[in-house]
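2 protein chains.
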Amino acid sequence: MNNKTILLASRPMGMPTSENFKFEERDVPTLQEGKVLLKALFVSVDPYMRGRMSDAESYVAPYTVGEPIVGGVVAEVIESKIPELPKGTVVQGALPWQQFSVHAGEGLIPIDPNLAPLSYHLGILGMPGLTAYFGLLYIGDPKPGETVVVSGAAGAVGTVVGQIAKLKGCRVVGVAGSEDKIAYLKDELGFDEAINYKTTGSIKEAISNACPDGIDVYFDNVGGEISDAVYLRLNNFARIAVCGQIAYYNSTTVPTGMRVEPILLKKSALMKGFIVRDYAKDFAVAAKDLSAWVKEGKLKYQETITEGFENIPEAFLGLFSGQNTGKQLVKVAEREV
Amino acid sequence: MNNKTILLASRPMGMPTSENFKFEERDVPTLQEGKVLLKALFVSVDPYMRGRMSDAESYVAPYTVGEPIVGGVVAEVIESKIPELPKGTVVQGALPWQQFSVHAGEGLIPIDPNLAPLSYHLGILGMPGLTAYFGLLYIGDPKPGETVVVSGAAGAVGTVVGQIAKLKGCRVVGVAGSEDKIAYLKDELGFDEAINYKTTGSIKEAISNACPDGIDVYFDNVGGEISDAVYLRLNNFARIAVCGQIAYYNSTTVPTGMRVEPILLKKSALMKGFIVRDYAKDFAVAAKDLSAWVKEGKLKYQETITEGFENIPEAFLGLFSGQNTGKQLVKVAEREV
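Read top to bottom, the protein sequences are chains A and B. Sequential numbering from 1 applies to the first sequence in full-length UniProt numbering. Sequential numbering from 1 applies to the second sequence in full-length UniProt numbering.
Worth double-checking, as some hints may not be accurate.
It does not matter which identical chain is meant; a pair holds if it fits inside one copy or across any two.
Taking lysine to any residue pairs in the SDA-like style, the calculated list, with each CA pair at most 25 Å apart, reads [to be verified]: (1) Lys143 to Asp278; (2) Lys204 to Asn235; (3) Lys281 to Ser291; (4) Lys267 to Asp55; (5) Lys266 to Asp141; (6) Lys267 to Ala61; (7) Lys267 to Lys281; (8) Lys266 to Asp278; (9) Lys267 to Pro47.
No lab work stands behind these hints: they were computed from the structure. Since the structure is predicted, the reported quantities are computational estimates derived from the model, not experimental observations.
Here chain A stands alone, though its shape is the one from the complex:
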């Protein structure tokens, strides 16, 4: 049985290229007690992975040169020595870019193949969708009529945040970085306002104008001056879900800037950081809600699926030239069962 893997060959200088990746053939190991053999079905390629290819001191652990790239994968259990994960189970998890891999099961999330297409579990029903769901609903706790601002609004998480906030009856303002994205948020996803931070001039004024009644919930994917502009318009008892801080990921020193603490004090506001696995016990509830909303047409979701394991690097590199619309995935194999 062939078992291709993709290693990090070298760290990119600036824009990554195919030279940064290396294909290698690996043995399929003999299965030991307490492990499963997984066949990758869909592989997720995401912009955040660019950050992990660097070794700059950062809030994201870097990949190791000479080791496989790891990311979101939907895989099928094709041999099992874990009773809870019998053969035929489909799971999602953080797995290597590798056709077959052996895993001890920890952190793998079984998925219900009847709920939605399997690929959705890397997007709207997977980490990005669940991240949006928990951050917005469990931390942001939006009430009808409140104003919700989301930064990184056109991303895999931000698009879901904004749409759920609309479902909950909120006024939704998105911040993103291109006119195409702004048009998409307003025209396709129903955001009330969307701000192109690259062209708007003063982001503080733009946020202030877009939020005449102040801001009750902020879902933050970015940090930096967009967040500072939001902080200045927070209402009393505002809630801030800190989901990403991409402004600082490549920072080699401790990030500094405006202090948020005095504002949280003045406004009796709450700020909470989180990662999706903090809410693992409620994944099933969330996936059920999300899939219902998708089926009812209340949540729009787009994906671009590239075929073939060998095309993973190309699909990843395509993210940076804007080739994809919506979530970019690679289909690696058909399900066996």
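Here the structure of chain A is known, so what remains is to put chain B in place on it, guided by the hints.
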């Protein structure tokens, strides 16, 4: 009858000085129906009042230049045209820095003089005690065995925070600004560790050494570099109650410094600002707990009482140079009845 009052003469630029206050003689007004004449007994001076001296937007309305300063006062009804507040009743409320004042009664809280010394109702059974109670228990939510750090530990709020945390079975570390305060926290109040931030050298090292298992709860009265040192030692799912930010109260520009957001993200930590009146509906429950703990000797309480109405500004200014241990009050008059 003399009736001195203290007005806000001007708004401070940076640190307040005695120039910002003005003494004036006022008439004692004739009492009308539905009013009481109050004689101030104890006046509370508190760091938050610095904020009200500015006209920047805040959670409390700014004082008006040329009008009396208003704050927590324990006063005696010396003449009454309100049946529910007969002569001799002692009340606490938000009242002007003024020897005698006329009041319609609304918002005045009658206090039981047999429960505790009258001054306690401006401290452990008043706003500072309630602030400690709600910030620690409702936001910090400490569990037995967890590490709790409190800054401004020797203040009216901090001393109560640390003692309640000990009652809850936590390891308690206080940060304060003199050797006397450190000794008080450790020897009298049972703090596990106390750090003199003025002499410790590296506050980061001191915090790190005092918290070998990291920090689960941080009750912050101060902000600034003490907070930064705490942030670097937070455990996953830490909770931070932002109660005061005295490091910035005298700041004339937007405070900047280390960004806490990336740390909250990395640690899935929660930070919440609050003021005591956010929890008004639970005041009775809290006061019952606090007075029981005081009676059982589980909560020790210290006051610094300055004598004389004319010394109120000086007592207030002393807060910013760390002169007081425990709650700073000014005794203005003896009770008549």
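Here's how the hints hold up against the structure:
1. Taking the shortest alpha-carbon separations for Lys143 and Asp278, both the intra-copy value of 23 Å and the inter-copy value of 19 Å come in at or below 25 Å.
2. Taking the shortest alpha-carbon separations for Lys204 and Asn235, only the intra-copy value of 15 Å comes in at or below 25 Å, while the best inter-copy value is 33 Å.
3. Proximity of Lys281 to Ser291 under the C-alpha cut-off of 25 Å is restricted to the intra-copy arrangement: shortest distance 17 Å within a copy versus 40 Å between copies.
4. Taking identical chains as interchangeable, the C-alpha atoms of Lys267 and Asp55 lie at most 25 Å apart only when they sit on different chains, with a minimum of 16 Å there against 36 Å within one chain.
5. With identical chains, the CA atoms of Lys266 and Asp141 are at most 25 Å apart both within one copy (20 Å) and between copies (21 Å).
6. In this homomeric assembly, Lys267 and Ala61 come within 25 Å of each other (Cα to Cα) only across copies, at 13 Å, whereas the closest approach inside a single copy is 34 Å.
7. Within a single copy, Lys267 and Lys281 get their C-alpha atoms only as close as 31 Å, which misses the 25 Å cut-off; across copies the closest is 18 Å, which meets it.
8. For the identical chains of this complex, Lys266 and Asp278 are inter-copy neighbours only, at 12 Å across copies versus 28 Å inside a copy, given an alpha-carbon limit of 25 Å.
9. For the homomeric pair Lys267 and Pro47, the shortest alpha-carbon distance between copies (18 Å) is at most 25 Å, but the shortest distance inside one copy (31 Å) is not.
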